[in-house]
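Produce the entire structure from the sequences given, and follow the hints as far as they go.
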Amino acid sequence: MNNDSTLKALLVVGLTALFCSVVVTTTAVTLQPIQRAYQDLERNRVLVGIAGLADSAAALSDREVVSLFQELDARVVNLDTGAYDDSVSADNLDGAASATDPDASVAIPPDQDIATIGRRARRVAIYVVPRADGIERMILPVYGQGMWSTLYGFIALDADLNTIVGITFYEQAETAGIGDQILRADWQAEWTGKKLYDAEGTLRFRVSNQAVDPQSPEADYHVDAISGATVTTDAVSNLVAYWLGEHGFQPFIDSLRERTDDDVQSP
Amino acid sequence: MSKARDALLNPIVNENPITLQVLGICSALAITNSLRSALVMSLALTSVLAFSNMAISLIRRHLPDSVRIIVQMTVITTGVIVVDQILKSYAPDTARTLSVFIGLIVTNCIVLGRAEAFATKHGVGMSFLDGIGNGLGYSVVLIVVAIIRELLGTGGLIGQPILPLAEEGGWFQPNLMFLLPPSAFFIIGFLIWGVRSWKTAQVETPDYRPLTRAETGAD
Numbered sequence: 001m002n003n004d005s006t007l008k009a010l011l012v013v014g015l016t017a018l019f020c021s022v023v024v025t026t027t028a029v030t031l032q033p034i035q036r037a038y039q040d041l042e043r044n045r046v047l048v049g050i051a052g053l054a055d056s057a058a059a060l061s062d063r064e065v066v067s068l069f070q071e072l073d074a075r076v077v078n079l080d081t082g083a084y085d086d087s088v089s090a091d092n093l094d095g096a097a098s099a100t101d102p103d104a105s106v107a108i109p110p111d112q113d114i115a116t117i118g119r120r121a122r123r124v125a126i127y128v129v130p131r132a133d134g135i136e137r138m139i140l141p142v143y144g145q146g147m148w149s150t151l152y153g154f155i156a157l158d159a160d161l162n163t164i165v166g167i168t169f170y171e172q173a174e175t176a177g178i179g180d181q182i183l184r185a186d187w188q189a190e191w192t193g194k195k196l197y198d199a200e201g202t203l204r205f206r207v208s209n210q211a212v213d214p215q216s217p218e219a220d221y222h223v224d225a226i227s228g229a230t231v232t233t234d235a236v237s238n239l240v241a242y243w244l245g246e247h248g249f250q251p252f253i254d255s256l257r258e259r260t261d262d263d264v265q266s267p
Numbered sequence: 001m002s003k004a005r006d007a008l009l010n011p012i013v014n015e016n017p018i019t020l021q022v023l024g025i026c027s028a029l030a031i032t033n034s035l036r037s038a039l040v041m042s043l044a045l046t047s048v049l050a051f052s053n054m055a056i057s058l059i060r061r062h063l064p065d066s067v068r069i070i071v072q073m074t075v076i077t078t079g080v081i082v083v084d085q086i087l088k089s090y091a092p093d094t095a096r097t098l099s100v101f102i103g104l105i106v107t108n109c110i111v112l113g114r115a116e117a118f119a120t121k122h123g124v125g126m127s128f129l130d131g132i133g134n135g136l137g138y139s140v141v142l143i144v145v146a147i148i149r150e151l152l153g154t155g156g157l158i159g160q161p162i163l164p165l166a167e168e169g170g171w172f173q174p175n176l177m178f179l180l181p182p183s184a185f186f187i188i189g190f191l192i193w194g195v196r197s198w199k200t201a202q203v204e205t206p207d208y209r210p211l212t213r214a215e216t217g218a219d
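Those protein sequence lines, which keep their order, are chains A and B. Our numbering puts the first residue of the first sequence at 1, with every later residue one more than the last. Our numbering puts the first residue of the second sequence at 1, with every later residue one more than the last.
It cannot be assumed that every hint is accurate.
[As the list claims (entries may be wrong)] Residues on chain B that point at chain A, a partial pick, calculated with CB under 7 angstroms:
1. His62
2. Ser66
3. Val67
4. Val71
5. Thr74
6. Thr78
7. Ile81
8. Val82
9. Gln85
10. Lys88
11. Ser89
12. Pro92
13. Ala201
Simulated from the structure, these hints should not be mistaken for laboratory data. Even for Gly, the Cβ is constructed at its ideal location relative to N, Cα and C.
Here is the structure:
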């Protein structure tokens, strides 16, 4: 066949494309489990770091990450009832899959969907740093739509379930050098000690670019936005507002706090 | 046999893709501030080059002229994606440091250059050797530049300290400029100068020369 005929050109292009796509697909599918395992490891590394189990999580070996992760108490929370759900093990809960599975998730009412995620799982795995007489820290998974990407992270709460210990993100693809400043240690350090709820139990915490007098009571609920990264920092504020709000973990946190208050009063 | 040896060894110095043809400079500037990245990048480029040269040589008799570049690019891109996926699975940290530069092998002029100039005209075996040879030529330059930059910029190689640092009581003061891309420009420039002083056949005839005073007609 003449090499320069249209038919030949189409044939060669078609066959090359077919062959190449088979090669690419096979590689991607074969290597996916390995890459997934690595992503899980990196997520657990971040988790171990925010749990306060290591001074520098980045310096830990893979093996250390795995063994420290075992020290955390992974529990499943049913967000609809606001209570622990021990019928499923946290290890068997596939967070990513249940967030989209129509049976395992609920649609978020549009007026409440401030994190722009559409649906959320009914059951979510949380992590507790255990202490002899209760909990040391509680780590909640949070995510929401940023400027370009979905931000996935953890927020760690102190034993009073009101004071923030820290926030961190393990997956994001925001603008390099601007939006990804949310990963900066000094910005994340500003979160430490801030309060989520006021005395009436209303979620007051915000990340905003409004100037707040550090002496005023408002400063307890405020973290400064990052200049130039308004969309990303608003997204962080919104995802915290959603996940710690009434449609997220707030009923669960409220029920735990009531129980702790009773414990304190009873003896 | 000597033709095969030429295909494999000539690109290392005599027809080096970086120092003679001045191709593939962008990645050579970007990732040579650490020897580890340079080694991984060299390996990645050499495998892509060998694979694409072989594959393109295999179909060279059936390549319609009108779409040959598109077909070549498809083959090269496939090789790059496969290498990228393998790196992400088995060397994820290095893959993250190299970030976009693995993907940018697609646009590396050496790969398309060899496919177009060599693989479309030679047999599979020769094309494979040519791919390995050019990959080695690229690697040699990358590794030399990376050794100079990492050693003078940090006082160590692959993260292992070699020269005693001044801040730890030694005598060596790291020069941070070597970690920045411009230093690679200078080093590659000196390399090209060195190679061309040694192999004077590589010196290019100037495209033009300034007119002498008499020729301009001015007094």
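We went through each hint and held it up to the structure:
1. His62: holds, 6 angstroms
2. Ser66: holds, 6 angstroms
3. Val67: Since the shortest Cβ distance to chain A is 5 angstroms, the answer is holds.
4. Val71: Hint holds; Val71(B) Cβ to chain A Cβ min 5 angstroms, cut 7 angstroms.
5. Thr74: Since chain A brings a Cβ to about 5 angstroms from Thr74(B), closer than 7 angstroms, the hint holds.
6. Thr78: holds, 4 angstroms
7. Ile81: Holds - the Cβ of Ile81(B) comes within 7 angstroms of chain A, reaching about 5 angstroms at its closest.
8. Val82: Given a least distance of 5 angstroms, the restraint on Val82(B) holds.
9. Gln85: Given a least distance of 5 angstroms, the restraint on Gln85(B) holds.
10. Lys88: holds, 6 angstroms
11. Ser89: holds, 4 angstroms
12. Pro92: holds, 5 angstroms
13. Ala201: At 37 angstroms from the nearest chain A Cβ, Ala201(B) fails the 7 angstroms test, so the hint is violated.
Checked against the numbered hints given earlier, the structure breaks only hint 13 and satisfies all the rest.
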